[in-house]
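These protein sequence lines map, in sequence, to chains A and B.
Oh and the first sequence: position 247 is 467 in the working numbering, straight run, nothing missing.
Oh and the second sequence: position 353 is 405 in the working numbering, straight run, nothing missing.
Source of the hints: derived by calculation from the structure; they are not laboratory data.
Some hints here could point you the wrong way.
[As the list claims (entries may be wrong)] Here are the simulated BS3-like cross-link-like pairs (lysine-lysine), alpha carbons at most 27 Å apart as the crow flies: (1) A:LYS551 to B:LYS110; (2) A:LYS339 to A:LYS302; (3) A:LYS489 to A:LYS339; (4) B:LYS132 to A:LYS632; (5) B:LYS67 to A:LYS446; (6) A:LYS636 to B:LYS171; (7) A:LYS551 to B:LYS120; (8) B:LYS171 to A:LYS359; (9) B:LYS132 to A:LYS551; (10) A:LYS446 to B:LYS171; (11) A:LYS385 to A:LYS417; (12) A:LYS339 to A:LYS359; (13) A:LYS286 to A:LYS385; (14) A:LYS229 to A:LYS455; (15) A:LYS576 to B:LYS171; (16) A:LYS446 to B:LYS124; (17) A:LYS355 to B:LYS110; (18) B:LYS282 to B:LYS110.
All values reported here derive from a predicted model rather than from experimental measurement.
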Amino acid sequence: MQIVKFECKKALTSPIILFLLLLFTAYNILIVSNSSDFNKELHVANDVANSYGVEITDETLLKMEKDLQEELTHLNNITEEKAGQSFSSAGEFFSQLTYERQEKYSEDQLDSFYTIYLKEMYLDTAKHIDESYQKIDIKELGENNIQNYGLSGAASESLSKQYEKFGNRFDEMKRNMEHKRWFFAGKVYSMHSQLFKQLFLPIIFESIILIVLSTALITNYEFENKAHLVTYATKRGRRLMVDKLVASLAVSTILSVVLLAVALIVYFKVFDYTHLWHSSISSAFNWETNFPYVSWWEMSFLQYLVGAIALFYICMLLFSCSTFAIAVLLKNSYFTFFGFIAIFTILFMLQGFMPKSSNLIFVTGFNLTSLVLNPHQWFMASNGLLVFKYYEVITVLVAVVVITILFVFVMKRFNKQDIV
Amino acid sequence: MRIVLQELKKILNWKIGLLLVLANAILYFLLISYHIEHFPNGRPALDSYRIGIEMVEKYGVSMSEGEKADFKETYEQRLKDADEYIQSRVDFSSVGIHSYQDFQDINYENQEQAELRNKVVFEENVDLFWELQERERLIEFQNENDIIMANEMERGSSQQVATLEEIKATGNYYIYPELVFYNYKDFIVNVAIAIIVSVVLLLSPVFIRDRSLRLVDLQYTTRVGRNIFKRKMIAGLLAMFMVITALLAIYFSIYSLNNTGMFFSSPINSFIGGFHWYDITFFQYIVLTVLAIYFLGFVFALLAMIFSNLMPNFVALVGIQIPFIIAMIGPGISYLIYQITALDLSQWLVPSGYVLIIVIGSMFMLFVWRRERTLDIVH
């Protein structure tokens, strides 16, 4: 235990690791604050979920419509008084609002009108959920994707089969009414990609950099400081590598958890999710581009977030393990770092080199790099080429198997290696 | 001199060589190959490229009024060809299209017509239609380039307006298709990234390697003494120069596959899509960006060697350079290479950017050398 503690200390007291941790954290906070210009509008979704319940039903919609009508009367009372006009909706009010007319109203009044307008928008979207989901044809989507990616032969067959499964899931989701939950309007605010792409992706990169550096530092420390002849000649001997592995994992945990925790705390301080934790991730409002996010399992936002954090953490540990294996093999942290980056990038490009007619194009997608670079698509069925229900699980398992084999190989080699 | 040569050999060892080959292969496939393999990228890019070549061959690097009229004449000619082609095909007349004008005015709600259009344009890829579409775009720019210029002048500072006046006097702006020029810009930015990464990989070990082997203790007690620091630095800069030259040679021989030589003597202001501070030809622009890459390489070489001397271990050495490299690849290179001549930026911005990083790098190096001269290396 003592040894592990001292091994951890090597990385955690290294000025460069701490400097980078601070720099990256500052950058993450900058990302959050840069995208916070609309956080004043986000309370509307929370308010709606609070007063009508997070589930959208016909009754609550009717109730909401009635309430909005009342608020509109209130709006009209004010506008009648100030400008002698009345409107059938707040949207109409804003479409006619010019700069001169705006001056008649106080800031507070305009704000409250805008809130009504936003509620109208939410109500309108909610009313048309069934209609817009009826238009979605998963089979056609699959065919379009086959065409877009230029797939043929076995690959196109496999993808159609997967899209069939996706279609079933899509129907099940509609039956479960998972899409009928309030959430931030995706087309306006893109909160899902805001969190799981704009914020998670940089954190993943930063975390990988820190983990690779600190794991390489710990593993190669004795060789680079010319202490190997002493340490590996002690009673603990080459079993010291086990301590180093444990220390690497502990340090990786600390670094990735600190990095992610600080960013997420700041994020949820800035963006208010109070009443939406139990909304569904497949909500119709979570629809940013031409297709809504649909997860393979019924998941609330909170469950999805926890799942994403867990997957993030598992991947980081696996990256630490693979760096350890490379470091034991190369015994030089300079080459270890760039070796890791090289393998990481090659795995990223692998899919692109595969023939578009063979199933290899999917098989090669099951690697840690491809997994980790699409955090906003984790657990999602709407995931382009990789429409596989257990994609995340299989990828992690594959990585575990590969890394274990690599471990056995490098440790066997290291145990008998001439280190002089 | 002999020491410099030996140091050079130490820097250019086979392990680093292998690492450079691997890094450049990866970066080539990741960043650069797209701009080579997919040039011109589909339609109407291919037509843009073809028409561009035709324009340069027929009219030279600028177009007089007569030549512009001739270009429009050619368009009319091709339009007649298109009419004839349409009239020669039964499937067109059967859906009520009798001329190219009809073809352009297709009502997309008319299922038959829309389908036929998709079939002819996207499936049969009839050259004529793509070509006409591109010619129309070019003629539109030719007709409207004075409006674009007027708008630009309205927004510009006095200095920008003065340069714009000069460009306006030549009349040679927003005329030629921009495909080749922008393809080169995308290509060279990515080459610059590959080269910066290569320089860092090459030179980071220079000082730290000897230090970790405790070789410095020996070296500093010889007759050359601490001056060996300078020789190592010179060897590093020589290695940087050699590697950049070799990489540029490789990347430019790959670039030659794009076959863009006929545009080399065109002024960069003659291309559609933006104005430039300097009245230089495309070839001079290429030379300018190559020089810029050497300067960037020099700065990153200095940086790598400075940190190589200061940092306690390889991990710190790599870690400290990551923010610099990210800053350069992110926003830095877009200003220093991509927009190197752009009129949108102040004229002094890019040159002073270079001066600044070179001066800071050199001063820092000087500081490191002065520190090294009196450093206690025993403790």
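Taking the hints in turn, this is what the structure says about them:
The suggested pairing of LYS551 (chain A) with LYS110 (chain B) is violated, with an alpha-carbon distance near 63 Å, which exceeds 27 Å. The suggested pairing of LYS339 (chain A) with LYS302 (chain A) holds, with an alpha-carbon distance near 23 Å, which does not exceed 27 Å. Distance hint between LYS489 (chain A) and LYS339 (chain A) is fulfilled; the C-alpha atoms sit about 23 Å from each other, no more than 27 Å. Our distance criterion of 27 Å between C-alpha atoms is broken by LYS132 (chain B) and LYS632 (chain A), whose separation comes to about 78 Å.
A hinted pair counts as satisfied when its Cα atoms are at most 27 Å apart, and LYS67 (chain B) with LYS446 (chain A) qualifies at roughly 21 Å. Between LYS636 (chain A) and LYS171 (chain B) the alpha-carbon distance is near 68 Å, which puts this suggested pair outside the 27 Å criterion. Taken as a hint, the LYS551 (chain A) and LYS120 (chain B) pair is broken in the structure, with Cα atoms around 67 Å apart against an allowance of 27 Å. For the hint pairing LYS171 (chain B) with LYS359 (chain A), the CA-to-CA distance comes to about 23 Å; that is within 27 Å, so the pair holds.
For the given pair, LYS132 (chain B) sits about 72 Å from LYS551 (chain A) by alpha-carbon distance, which is inconsistent with the 27 Å threshold. For the given pair, LYS446 (chain A) sits about 71 Å from LYS171 (chain B) by alpha-carbon distance, which is inconsistent with the 27 Å threshold. Between LYS385 (chain A) and LYS417 (chain A), the direct Cα distance comes to roughly 26 Å. Compliance with the 27 Å bound is thereby established for this hinted pair. Between the alpha carbons of LYS339 (chain A) and LYS359 (chain A) the distance comes to roughly 34 Å, so the proposed pair goes past 27 Å and is violated.
Between LYS286 (chain A) and LYS385 (chain A) the CA atoms are separated by roughly 40 Å; this puts the pair beyond 27 Å, and the hint is violated. A distance of roughly 21 Å separates the Cα atoms of LYS229 (chain A) and LYS455 (chain A); the hinted pair therefore holds under the 27 Å criterion. For the suggested pair LYS576 (chain A) and LYS171 (chain B), the alpha carbons sit about 24 Å apart, so the restraint of at most 27 Å is met. Restraint check for LYS446 (chain A) and LYS124 (chain B): not satisfied, since their Cα atoms lie roughly 77 Å apart, outside the 27 Å limit.
Note on LYS355 (chain A) and LYS110 (chain B): the hinted pairing is violated, with a Cα-Cα distance of about 53 Å set against a maximum of 27 Å. Straight-line distance between C-alpha atoms of LYS282 (chain B) and LYS110 (chain B) comes to about 56 Å, which puts the hinted pair past the 27 Å bound.
The earlier numbered hints that this structure contradicts are 1, 4, 6, 7, 9, 10, 12, 13, 16, 17, 18.
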